[in-house]
Amino acid sequence: MDKCVQMIGITKRFGDVTANSQVNFTCSPGHIHGLIGENGAGKTTLMKILYGMYTPDEGEIHINGEPVKLTSPKTAIKYGIGMVHQHFTLVPSLSVVQNIILGRPPKKTGDVIDMKAAAQQVIQMSEAYNLKVDPYAIVDDLPVGIRQRVEILKALYLGADILILDEPTAILTPQEINQLFLTLTELKNKGKSIILITHKLAEMMSVTDDITILCNGIVTGHLQTEKTNEEEIARMMVGKDTKLTVTKQDNPTGQVKLKVENLNYYNKFGVKMLNDVSFEVKAGEIVGIAGVQGNGQTELIDVISGFERDYEGTVVINDAVFSPSNGVAQRRRQGLSHIPEDRQTRGAALDASLLQNYTMSNFEGEGEKKKYFINWGKQKKRAERCLNDFKVKFDKVEIPAYSLSGGNLQKSIVAREMEMGPKVLIAAQPSRGVDIGATIFIHERLLDRRGEGTAILLVSYELSEIMSLSDRILVMYNGRIIGETTPKESTEEDIGLLMAGLHNSKGEVQ
Amino acid sequence: MVNTWIIAILRLSAPILLCAVGSLFCDRAGVTNISLEGTMLLAAFMGVFGSYYSGSWIIGILCAVAAGVLASLFFALITLKFGGAELVVGFTMNVLLDGLTVFMLRSIFKVSGSLVSEKVIGVPSFTIPGLTKIPVIGGFVTDLNILVVLAFISVFLAHFIFKRTHLGLKVLSSGENPQAAATVGINVYGIRLLALVITGVLCGLAGAQLSLGYLSMFTEGMTAGRGFIALVAVMFARGSSMRVLLVTLLFGAAEMMSNYLQLFQYSSYLILMIPYLCVILLTLLQLILEQQGKKKRMISAREKTA
Amino acid sequence: MNFDFRQKPIKVKTALFAVMLGLLAGAVLILFTGNNPLVIYGYMFKGAFGSASSIASTLRWATPLLYAGLAATIAFRGGMFNFGVEGQLYVGALAAALVGIYGAGLPKIIHILACMLAAMAAGLVWAILPAIIRVKLGGNEAIPAMMLNYVAMNLCDFLVQRFFLPENTFGQTMATANVAEQVKLAKIIPPYTVTYGFVIAFVLIVVAHFMLKYTKAGYRISMTGMNSEFAQYGGVDVNGVRVKVMLLSGAVAGLCGAVEVMGVTWRYESGFSPDFGIEGILASLLGGNEPFGLLIGALFMGAVKAGSLVVERSAGIPRALAEVIKALIICFVSARLLSEYLGMDRLEKWLKGKLKRTAPAGANQVKEG
Amino acid sequence: GETPAPSSADAPASDAPADESAAPADDAAASDMNMSAAFVTVQPLGDPTIDLCYAGFTKAVEEFGFEKTTVVEAKAGEYEENFRALCEEGYGLIIANMPELQEAVGRVAPDYPDTKFMIALGEAAGDNVISTWNIEQYGTYITGVYAGLMTKTNKVAFLGGVDNDQLGRVGGGFIDGVKASNPDCEVEVLFVGSFTDPTKGKEMASLLYNEGCDIIFQACAQSGLGVFEIAKELGEGHNIIGIDVDQNGNIPGQVIGSFVTPYDQWVYEAMKEYAEGKFEGRVIYRSVAEGTTLKMATDYIDVPQEVIDAVDEATQKVLNGEVEPSDTIKKA
Ligand SMILES: Nc1ncnc2c1ncn2[C@@H]1O[C@H](COP(=O)(O)OP(=O)(O)OP(=O)(O)O)[C@@H](O)[C@H]1O
Ligand SMILES: Nc1ncnc2c1ncn2[C@@H]1O[C@H](COP(=O)(O)OP(=O)(O)OP(=O)(O)O)[C@@H](O)[C@H]1O
Ligand SMILES: [Mg+2]
Ligand SMILES: [Mg+2]
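Protein chains in written order, with this note's numbering: chain A, 648 to 1157; chain B, 355 to 660; chain C, 51 to 419; chain D, 27 to 358.
Treat the hints loosely; a few may be bogus.
As the list claims (entries may be wrong) - List time: in silico EDC-like cross-link candidates among lysine to aspartate or glutamate, alpha-carbon distance up to 20 Å:
{"hint": "1", "chain 1": "B", "residue 1": "Lys648", "chain 2": "A", "residue 2": "Asp998"}
{"hint": "2", "chain 1": "B", "residue 1": "Lys517", "chain 2": "A", "residue 2": "Asp787"}
{"hint": "3", "chain 1": "A", "residue 1": "Lys1135", "chain 2": "A", "residue 2": "Asp787"}
{"hint": "4", "chain 1": "C", "residue 1": "Lys266", "chain 2": "A", "residue 2": "Asp897"}
Said to hold, decoys possible - Examples of chain B residues lying across from chain D (beta carbon under 8 Å, computed):
{"hint": "5", "residue": "Asn357"}
{"hint": "6", "residue": "Thr358"}
{"hint": "7", "residue": "Ser471"}
{"hint": "8", "residue": "Ile475"}
{"hint": "9", "residue": "Pro478"}
{"hint": "10", "residue": "Thr481"}
{"hint": "11", "residue": "Leu569"}
{"hint": "12", "residue": "Leu626"}
{"hint": "13", "residue": "Ile628"}
Hints are computed from structural coordinates only; laboratory data are not their basis.
Note that CB positions come from ideal geometry on N, CA and C, so glycine has one too.
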């Protein structure tokens, strides 16, 4: 047997959703195997099955030719499988060593951990695999790139020969991605097998040996990377030729609708997250904020929307000047809408009904004549119309929001925020976690609003999203706007360099 | 004089300490269990029950521990397994267990209020002869019982477990990032269950100290808010077992002082408020200091970056 | 420790199922005492609904639970845990008693209102500190509020003992003089102790229901309780809501004390409340923190209480049994997955399916016949 | 101490007739007497004083063949409720113990003239109520005299349950007595804050012994159980004076006396009256002459003859009305 992983006829259902259907997946030793597919195609589910986190409803798994029952991560680890998750699974208050050895620490006597030996092992490993970390640093203090190294070390420490990485690149700068790929190649040369999930075709092409494509829980193709191209993969992913981007017409711009001046903001740890940020957005214009996550975008949105009040500087929305003392409500009254980054905790009250969720953005609006009461009848009619317009799938507006799928929930939030005809719209990661079809749909709606004269501030960590929608692009790095460009003037690579802080005086990068 | 004070403080703080260390375990494992008060009460009852029927204080303690564990398992069943809200279940369990002890007291022993009987054998206290002569330390080692000693051992043991052992790491990770724990093969559910069992054991000992350690009787509602004070101690401690010890001793001292203050003819009602006011004031103090600390750190961090 | 309370809706089905389970567990305990559960539950039912006096008794016990429960509901709905209802109730009672005694001479209606307002003000003041601890200092409000209960009880006793003992008392319990005749609440079913305080509570509950459901303020409160971050994102002044619900909750708790004083005890008595505060919180939880749910919860608990007193008298089974049953029910109500585990959901689905299938069949038979 | 006149101001305005269907009507003939009695208390059984009352109750029950029920640990707010229910259920005689219940009895009794009430310690107006009062300060004065003479350390203590009027009389008389027999003797006064917290009682007693008191007059009901425990642990030289019940045998040698109140007799007498059809509502005041006085533990310890003489002399003085002890504890 020359396959190290064989998953045969795997089926996994969650209630009515079939996440994987008769999936056959194999992986050769010493290869980097790419796994690609739209959102919700079932990639993560398949890999979680391989890592023992889910038990498949049907199908069997062979590791190195031997049939195995993977009932928990513990057994998976025993068979030499390691996984780096999409969302980091580290304990922030513990040190790097403690995190790495968490599963199986070296012990002195009884249950007492031999910390010296542990640190020694971690140092050795990090040298052997060229993954530099400070073993005694507290994880909470580390940047994402380093945290990812800790994750990889953790998997290797547990004896992983087969390493699964779920969307490791989504949160990295292009430079960090290069670094990661070097590491992966090195691991491969040392005989490890790697399964890599990514949404980015270019990455697939550059680093993998084989590719498996999932579409709606079904395998639609096994390919050798050398013998294929991006177009073929895309077609297999979606099942047909589809447009992958929206087309954008030029649009006349009007007055300035959103203006921020000299914004400064320190977070609760006293770290300066916004440093003298000034810019403006005109009616009918989409301004994209590009940047790696954690460079101040979240804080910028919080400050503009009034969620965070402890800042310096001014925000002007629709000609009304806001000081830090005016909160969200006043700003919303001036025609501000906001699609939040985090749909689960900020964008929706999951236990509340769709109607209650829908009402949040407009119950104080001018539309209501009555001062103290809510007209639920009217709200209901409007909510139904609005959700239907946005093709949200729902039974009735009384069902709780948690019963919607992620994509539908996202669409319902987008619908709610756009429905009022906002003067200014902040769209943070508007298509996060939704499939290509829905993404295109949301993008088209954004462009419609732009056509109607809304000033849109788009924040996204997906450079392609920024490139395809924005009229102007501002690049944020370390709390500053360090560059302004347009999609026509720059390539993704140029912007990537800016995002990595090329202007950084230390010149760390490159 | 100082000796007796010290002993009084140790004695008063022992049940709170045991309870607080127990609470620390489930708190670190990510479980908010506010049913300690009731758990301790049930344990106190079962301690007396065991001692009464067996004539042995050891069996009494074992019964108390078993009761503590059972109460914890019930909590675990409802919250971990059946998805009950921890806060609600914890709150309600206090009422439940209080009612249950009263019910059993009346149905089994046919008395209400208190169970006092010659048949209830208390935990004997001991004195280490040589050590009592040493001036200050002597105060710590006279007239103690095994439960008080266990209370103080338990803090240091907890400290050791969290700092040094794999179990400690497993508990901490299960509380702070269960996902992380799960993905390296730790059974988070199992660890939480284990933490709750430990909580149950320690609350059981705390209950035994109340009913068999210091007294040899059971009285309805004899925990008198100690379970909640233990919670406060854990909140103060922010995860450090040594701070739990400190805060608990502080409460013990406050309670002892309040007893003494009455000798000066202040109204007993005013003096009875002291321990509770202390808790509130300490809470305020800690929160204010914390906020100022945060502000200071923020300002200094700002200055550094500026 | 995570003390954040997040309001989650409770299904009626779950609640009914929990009541059944709780009674079942109670039956086991009754068996353990050597009695027949059916007989005992029979006594209980009779004690709660069997005669005018038992119905009055049920209503009498439900009344304070309605107020205390409403106080808890208001706080819970805004995401706050007012563990201090008991203490607020005490200070409210003392305030009401004092105004009731020393305000003699005021016109009747004004005097009654003054008593109630004084109680509400006192309860409100008692809720300020926990609110500040939560909102300004970022701490948790539940434990300090609970500690304040002990402070309130002792402080009230101290004040009464020092300043307000009536002349010529002779070994009475610690209590003030009686309030003026005109502020005593009228009885609904004389001579039983259920007073118009019950009616007022009912009105308040209806008002609370409409407030929470149909007003903007109610919407703000609900959303803050369900997901405060979402509420803040939507423009709700979350901290403002928290302070307001806590103070309102304190005021209603104070009113509970006033109604108890004006309706039942006619004076402030040391330790007059047999844990009305705690029971009120339970009633609120039982009713899913919905005003009408609370109404049912409080009536249920009132009935259990009235019934258990009878059971204790006639069968010698300690009334603590009632506490146990109530608490078990609430635990089961909270355990949302319980019915799933016990296969109740499947059973229901199966039954529904069966009904659907059999219905047309039955119709056919009728035709044939 | 002021002897209160039965006040009519406190009596409820209502004199509505009772619900006739419920209360069996019978007064005259002993043959169809309603021989059912209820025992109601705020305290739980297990409280020495209540147990004493209960002993009287059971004695009468057995002797006269009452049908009985007990309501123990009635909670505040439940009192009136309980009495009404008992009346409605047709109980003929209700024994209410301790002053907490007097208000409720006062309200319920007029509504049910056919039901008889007896308050052991407490007072309520009504033709169907026997109220008994204990004017404790005279008896505790004698107890104080005794303690003042028996102390070796010149320091004794009064440990009360809750700081209320009744304990004011108990403590006030005691302090006066100590001062009368031994002006140099210090009296520490402490309150447990609860009648039902033995833990706290033990803690406070231990503190008092620690402060050099060698006699504690404990008047804290169940909390007093803790006092006995600590005295037993500390052994000789740590003495107690018991209350209400003759507790002299509890720790032989260390309980040097008890301030007894024959509640059992009072309850028994009232029930006897009822059973014989001679029940008559009234207020009865009782003091030293009626047996609420010190009982020295002469069976267990040697009491010096001078002390016995001094106690006798004090008793005589009290009976002659020559002393007027304080009915409150004077505070700073
Ligand atoms: N725990 C779960 N419970 C219910 N449904 C789930 C669960 N996990 C995943 N699903 C569903 O299974 C399907 C596959 O999800 P999965 O997370 O595997 O997709 P994915 O390919 O990893 O997507 P993404 O690119 O967004 O990471 C989705 O429709 C999702 O809604
Ligand atoms: N326990 C669950 N029950 C039902 N559906 C679930 C459950 N867990 C996840 N899902 C569904 O699975 C889908 C994927 O979930 P997931 O949490 O991975 O979000 P996501 O869309 O992948 O977002 P992200 O970009 O953060 O990965 C969502 O549509 C969600 O509704
Ligand atoms: Mg995924
Ligand atoms: Mg995903």
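Hint check results:
1. Lys648/B x Asp998/A: Violated - the C-alpha atoms of Asp998/A and Lys648/B are around 33 Å apart, more than 20 Å.
2. Lys517/B x Asp787/A: holds (18 Å)
3. Lys1135/A x Asp787/A: Roughly 39 Å separates the two Cα atoms, so the pair is violated.
4. Lys266/C x Asp897/A: violated (42 Å)
5. Asn357: violated (10 Å)
6. Thr358: This hint holds: Thr358/B lies near chain D, its Cβ roughly 5 Å from the closest one there, short of 8 Å.
7. Ser471: violated (10 Å)
8. Ile475: violated (13 Å)
9. Pro478: At 11 Å from the nearest chain D Cβ, Pro478/B fails the 8 Å test, so the hint is violated.
10. Thr481: Cβ of Thr481/B sits 12 Å from chain D, so the hint is violated.
11. Leu569: This hint holds: Leu569/B lies near chain D, its Cβ roughly 6 Å from the closest one there, short of 8 Å.
12. Leu626: For Leu626/B, the interface hint holds, since the closest Cβ of chain D sits about 4 Å away, which is under 8 Å.
13. Ile628: violated (11 Å)
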